[in-house]
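Undergrad: Listed below, chain by chain, are the residues.
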Amino acid sequence: MPKTGGYAVDIELTINGERTIVEAGSETDLATVLRQHGYIGVKCGCDGGTCGASKVFVDGEVRMACGMTAADADGSEVQTVAALGTQDDLHPVQQAFVDNFAVQCGFCIPGMVIQAVALLDSNPDPTEREVREALDDNVCRCTGYQKPVEAVLDAADRMQGEQSVAADGGQPASLGPRGADSTDCCGGGCDE
Amino acid sequence: MNNDDETAKADGGTASQSETVEDERHEEHPLEWDEPENNDKAPDERDSVSHRAEKYDDRKLVTGQAKYTADYEERYPDLAYAAVVRSEIPHGRVTGIDASAAEAMDGVEVVLTPESDAVPNGKYTSAGQSYPEPSPWDMRVLNEHVRYIGDPVAAVAAEDRATATAAVEAIEVSYEEDDYVTDPEEAFDGDAPQLFEDGEVENEIVGYDYDRNRMAHIEGELGDVDAALDGDTHVHETEWETIRQSHANVEKHTSLAYTDEDDRHVLITSTQVPNHTRRQLAHLFDIPIRDIRVTKPRVGGGFGGKQAMVVEPIPLALSLATDRPVLYEASRQEEFYAMRSRHPMKVRAKTAVTDDGDIEAIDLYALSNTGAYGSHGMTVAGNVGSKPLPLYSKVPNARFEADIVHTNTPQTGAMRGYGAPQGTLALEGHLDEVARDLGLDPIEFRRRHHMEVGDLDEIAGMMGGEGAERRIRSCGLDECIERGKEAIGYDDLEQPEEDHLHRGIGMALSAQGTGVAGDELGAAQLMMNEDGSFHLQVGGVDIGTGADTAFLQIAAEVLGCDEDDIIVKSSDTDVTPFDYGAYASSTTYISGMAVKKAAEDAKARILDWGSKLLDEPVEKLETGNGTVYSETSGDSVALEEIGYEAAYGDDEREHILGKGTHCTDESPPPFAAQFADVTVDETTGEFDVHKLVVAVDCGVAINPGMAEGQIEGANHMSYEMAVSEGITLDDEGRAEVTDFDEYGLPSATETPPIESILVETHEPTGPFGAKSVAEVPTNTVPPALSNAVRDAVGVRIREMPITAEKIASKLDERTD
Numbered sequence: 001m002p003k004t005g006g007y008a009v010d011i012e013l014t015i016n017g018e019r020t021i022v023e024a025g026s027e028t029d030l031a032t033v034l035r036q037h038g039y040i041g042v043k044c045g046c047d048g049g050t051c052g053a054s055k056v057f058v059d060g061e062v063r064m065a066c067g068m069t070a071a072d073a074d075g076s077e078v079q080t081v082a083a084l085g086t087q088d089d090l091h092p093v094q095q096a097f098v099d100n101f102a103v104q105c106g107f108c109i110p111g112m113v114i115q116a117v118a119l120l121d122s123n124p125d126p127t128e129r130e131v132r133e134a135l136d137d138n139v140c141r142c143t144g145y146q147k148p149v150e151a152v153l154d155a156a157d158r159m160q161g162e163q164s165v166a167a168d169g170g171q172p173a174s175l176g177p178r179g180a181d182s183t184d185c186c187g188g189g190c191d192e
Numbered sequence: 001m002n003n004d005d006e007t008a009k010a011d012g013g014t015a016s017q018s019e020t021v022e023d024e025r026h027e028e029h030p031l032e033w034d035e036p037e038n039n040d041k042a043p044d045e046r047d048s049v050s051h052r053a054e055k056y057d058d059r060k061l062v063t064g065q066a067k068y069t070a071d072y073e074e075r076y077p078d079l080a081y082a083a084v085v086r087s088e089i090p091h092g093r094v095t096g097i098d099a100s101a102a103e104a105m106d107g108v109e110v111v112l113t114p115e116s117d118a119v120p121n122g123k124y125t126s127a128g129q130s131y132p133e134p135s136p137w138d139m140r141v142l143n144e145h146v147r148y149i150g151d152p153v154a155a156v157a158a159e160d161r162a163t164a165t166a167a168v169e170a171i172e173v174s175y176e177e178d179d180y181v182t183d184p185e186e187a188f189d190g191d192a193p194q195l196f197e198d199g200e201v202e203n204e205i206v207g208y209d210y211d212r213n214r215m216a217h218i219e220g221e222l223g224d225v226d227a228a229l230d231g232d233t234h235v236h237e238t239e240w241e242t243i244r245q246s247h248a249n250v251e252k253h254t255s256l257a258y259t260d261e262d263d264r265h266v267l268i269t270s271t272q273v274p275n276h277t278r279r280q281l282a283h284l285f286d287i288p289i290r291d292i293r294v295t296k297p298r299v300g301g302g303f304g305g306k307q308a309m310v311v312e313p314i315p316l317a318l319s320l321a322t323d324r325p326v327l328y329e330a331s332r333q334e335e336f337y338a339m340r341s342r343h344p345m346k347v348r349a350k351t352a353v354t355d356d357g358d359i360e361a362i363d364l365y366a367l368s369n370t371g372a373y374g375s376h377g378m379t380v381a382g383n384v385g386s387k388p389l390p391l392y393s394k395v396p397n398a399r400f401e402a403d404i405v406h407t408n409t410p411q412t413g414a415m416r417g418y419g420a421p422q423g424t425l426a427l428e429g430h431l432d433e434v435a436r437d438l439g440l441d442p443i444e445f446r447r448r449h450h451m452e453v454g455d456l457d458e459i460a461g462m463m464g465g466e467g468a469e470r471r472i473r474s475c476g477l478d479e480c481i482e483r484g485k486e487a488i489g490y491d492d493l494e495q496p497e498e499d500h501l502h503r504g505i506g507m508a509l510s511a512q513g514t515g516v517a518g519d520e521l522g523a524a525q526l527m528m529n530e531d532g533s534f535h536l537q538v539g540g541v542d543i544g545t546g547a548d549t550a551f552l553q554i555a556a557e558v559l560g561c562d563e564d565d566i567i568v569k570s571s572d573t574d575v576t577p578f579d580y581g582a583y584a585s586s587t588t589y590i591s592g593m594a595v596k597k598a599a600e601d602a603k604a605r606i607l608d609w610g611s612k613l614l615d616e617p618v619e620k621l622e623t624g625n626g627t628v629y630s631e632t633s634g635d636s637v638a639l640e641e642i643g644y645e646a647a648y649g650d651d652e653r654e655h656i657l658g659k660g661t662h663c664t665d666e667s668p669p670p671f672a673a674q675f676a677d678v679t680v681d682e683t684t685g686e687f688d689v690h691k692l693v694v695a696v697d698c699g700v701a702i703n704p705g706m707a708e709g710q711i712e713g714a715n716h717m718s719y720e721m722a723v724s725e726g727i728t729l730d731d732e733g734r735a736e737v738t739d740f741d742e743y744g745l746p747s748a749t750e751t752p753p754i755e756s757i758l759v760e761t762h763e764p765t766g767p768f769g770a771k772s773v774a775e776v777p778t779n780t781v782p783p784a785l786s787n788a789v790r791d792a793v794g795v796r797i798r799e800m801p802i803t804a805e806k807i808a809s810k811l812d813e814r815t816d
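Sequence order for the protein chains is A and B. Numbered according to our numbering, the first sequence spans residues 1 to 192. Numbered according to our numbering, the second sequence spans residues 1 to 816.
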């Protein structure tokens, strides 16, 4: 079961670019708090850190939101899958998951997408092995990983193409603040 | 010589087949099939079918906007949360429940025990099957007689999850313990502790014998197997064992119940079987069917684990008791010990084979451990024989028997493959071994015997009763084998340079069904809007497979419009027509055919309006590109204009509605050929699976991208059966697995690359030639991998999982 309880504390979070103060139990996990505030793309498939479905960015680092307390994230910038793209304007990683039929039930996919974006930020041209290693703690029961791995490799190709455009003033391909190589834009965490 | 033999047999076989089409059974299943008009479009004539259309819900899924059951939480501010007290002993009676401490806790709304008024006292089955259920009514919602560690004893509703969990921990249950039995062979022995008394179970299943803990016995025979085994043949016998596999659906079993403003009871629930669940709840709670609504939002994986009414009665009882909406979400630990799993089985295979390599008889026997309750036990065991045996329906004598026994262990249920994985391991491992013992090529040996187009599958009838035989009208097995061999590199395998490493390839065939012959129903309704778009209401259930998208493609193909011009609403018993649910690989075939019929019905009305507007006879008109057009004049009228005219036009105005219902006695098998490429270290037994290739004949793939995804996912699940331990139990039957890490699901790095190959055939009984795809590749990796290890280092592993330790031990035995 999700961890809740403890004494009530005020926690300041910037969620997908929006600063907010939430009241939560000191023991309450971050996934529960995010979900209570409508960020339902944060999924809970296990009860604490073994399936990867709750992955979010906390100050640019990939974390399983069910495996940390919200209090531990106090003062942090949190980005969920909802920050990456909209249904009309998908992030290249999301688009590649759609185009490669890598999504079946979709429950694990937000966590997979977050992890894939993080991988491509630090390693824009990964090998298949490196993609598999990156997704190693994301449990997907439907796909057998073949198509998600193909999707991430495809996204890498697309984003490399886009980055060459971006160098001439195009849209940045990924979230900025947490990426080692890209610090010029919030990359979808804001409306710019 | 083999080739000559094969030619002779092939010719002879065809001739004798046509000669024997005399008796009534053959006539009931003619090869010629009265295929519906426009069902057999060539690939280049298909606009929507066979197109890699984007999955209908994908954009919502990748952006995290799609709603699963737990995501409805925010809609109900007065929601209460459920938790369940479960038995901590394997067998015994509850003598007392002290809930006073829990009831005194702030935020606890109610504690229900077996005595509570809101808890139904009647018996039921959790198996989500058609009516009357082919499963025993042996369960209660909350139990005084507990039969496994995990049996529900009490339930709590509280303000929040933490309070509900704390309340469960505060409830003291005292028990009088009985002796227990966890081993199925011991349970069947006669002297074992008994789980059920005679007369205690309603709706008993054929062959039940509760003195021996047997919930069912099934058997069927064609020809005379004993005579063939006693004849002048080589008799081979082998025994195989499979794991207790978890569905491991990433979305846990989740269900939300409330009573709406019209006093009707609503379940938002993660299920594969909304209509069966509605009927079962109505029966159990004595509420009219009409007053229950079961609706399914996105479902985070089912795989058969949700083809059961596993959790729904708990939130419904709690919502009745509290007059509040109640959400019950199982914990991940509960998923492993209190939801469902694949039946662990021992399967014995025996054959009689002549010196020339002709199989005279196949005899399979399965001992299935159904756990504490019966559920899908009988039907799953039936499929151990009835799915793989038809692959070799040319064999003149065949027999299958199974005993399904109770033990004080967690409950089993339906799981993808539904018995076929256990039977396929035994049969395909056994035949491989027989071929090798006789010095025959295992692939050619199979080719001499496997099923072909035109064959009458009498084995399906042997298990399903008279009339259940089926004619094989599409079979791509030969092409599956050829393309699989090529993709795995069968003919040019290179051995490693190191002497202690040996590389081998194993293969296995598989057949499944498509729906349950004579026991399926799907229905659909198509409403045309005045802007020329459509609403498709279909009872068929998308549990992540992409069924909604397949329905849209089928409807769009008929209507000649874009998939985007159709909105699909599936699986809400208040809104959508009746459907048996997502199981038995039936969805595209049965519900999809209902969609096709509904679309054709609507199309007939649309063409009438087109005829009126274009002033041309209906016979000259066709739909396409969002219009009705004349094949002679070339004139056309947009569907939008027809929509407005039909709704607002002359005195004959109408709402264009199409309806379709489909049920059938047919259940065409899809086929697969699996290959596994492995290198084994002879010094340690360690092995490396380089690649899995699986070629599948699913008829026409409605959406090739989705079909490949189904195949790869199924093959991954099959690989897990071959190499993972599954849910292990301690001596008392307590699940030792509490989370994914302990379960040992192969991760992305632990899973070999999987190549899926679609072999297109045309199944005339299916929508646009489709049959099923999602189950058949679940059956094949355990035998293919066992066969590959045998090929590489000459030892045979028959007990799953295949591990380095087991291989090393066999290698040691060999050298001793």
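Check before you lean on any hint, since a few could be wrong.
Claimed, not checked - Simulated crosslink set (EDC-like; lysine to aspartate or glutamate; CA at most 20 Å straight-line): (1) B:LYS691 x A:ASP136; (2) B:LYS394 x B:ASP455; (3) B:LYS60 x A:ASP89; (4) B:LYS123 x B:GLU219; (5) B:LYS806 x B:ASP688; (6) B:LYS691 x A:ASP157; (7) B:LYS67 x A:GLU128; (8) B:LYS485 x B:GLU755; (9) B:LYS691 x A:ASP89; (10) B:LYS60 x A:GLU133; (11) B:LYS691 x A:GLU133; (12) B:LYS60 x A:ASP99.
Unchecked claim - Negatives, chain B to chain A, calculated, CB over 10 Å: (13) ARG59; (14) ASP98; (15) ASP286; (16) GLY300; (17) ARG332; (18) GLY634; (19) ALA647.
Simulated from the structure, these hints should not be mistaken for lab results. Just so it is clear, CB atoms sit at the ideal spot from N, CA and C, and this is done for glycine as well.
Undergrad: Hint by hint, say whether it matches the structure.
TA: Taking the hints in turn, this is what the structure says about them:
1. The hinted pair formed by LYS691 of chain B and ASP136 of chain A meets the criterion: a straight-line CA distance of about 18 Å does not exceed 20 Å.
2. For the hint pairing LYS394 of chain B with ASP455 of chain B, the CA-to-CA distance comes to about 8 Å; that is within 20 Å, so the pair holds.
3. A hinted pair counts as satisfied when its Cα atoms are at most 20 Å apart, and LYS60 of chain B with ASP89 of chain A qualifies at roughly 12 Å.
4. Straight-line distance between C-alpha atoms of LYS123 of chain B and GLU219 of chain B comes to about 27 Å, which puts the hinted pair past the 20 Å bound.
5. Distance check on the hinted pair: LYS806 of chain B and ASP688 of chain B sit about 15 Å apart at the alpha-carbon level, within 20 Å; holds.
6. A threshold of 20 Å between alpha carbons decides the hint, and for LYS691 of chain B with ASP157 of chain A the separation of about 24 Å lies outside it, so the pair is violated.
7. Taken as a hint, the LYS67 of chain B and GLU128 of chain A pair is broken in the structure, with Cα atoms around 31 Å apart against an allowance of 20 Å.
8. Using a Cα cut-off of 20 Å, the hinted pair LYS485 of chain B and GLU755 of chain B holds, with the two alpha carbons roughly 12 Å apart.
9. Of the supplied pair hints, the one linking LYS691 of chain B and ASP89 of chain A is violated, its CA atoms being roughly 36 Å apart against a limit of 20 Å.
10. The hinted pair formed by LYS60 of chain B and GLU133 of chain A fails the criterion: a straight-line CA distance of about 26 Å is larger than 20 Å.
11. At most 20 Å may separate the alpha-carbon atoms for a hinted pair to count; LYS691 of chain B and GLU133 of chain A meet this at roughly 17 Å.
12. Only pairs whose Cα atoms come within 20 Å are accepted, and LYS60 of chain B paired with ASP99 of chain A is accepted, the gap being roughly 14 Å.
13. With a least beta-carbon separation of about 4 Å from chain A, ARG59 of chain B fails to lie farther than 10 Å from that chain, contradicting its non-interface assignment.
14. Against chain A, the non-interface label of ASP98 of chain B holds: every CB pair exceeds 10 Å, the least being about 22 Å.
15. Consistency note on ASP286 of chain B: stated as away from chain A, and its beta-carbon is indeed over 10 Å from all of that chain's, at 32 Å minimum.
16. Taking the minimum C-beta to C-beta distance to chain A, about 3 Å, the non-interface status of GLY300 of chain B is violated against the 10 Å cut.
17. Some Cβ of chain A comes within 10 Å of the Cβ of ARG332 of chain B; the nearest lies about 5 Å off, and the non-interface call is violated.
18. Interface exclusion of GLY634 of chain B from chain A stands, the closest Cβ pair being 36 Å apart, more than 10 Å.
19. The non-interface label for ALA647 of chain B is consistent with chain A: the shortest C-beta to C-beta separation is roughly 30 Å, beyond 10 Å.
In summary, the structure is inconsistent with hints 4, 6, 7, 9, 10, 13, 16, 17 from the numbered list given earlier, while agreeing with the others.
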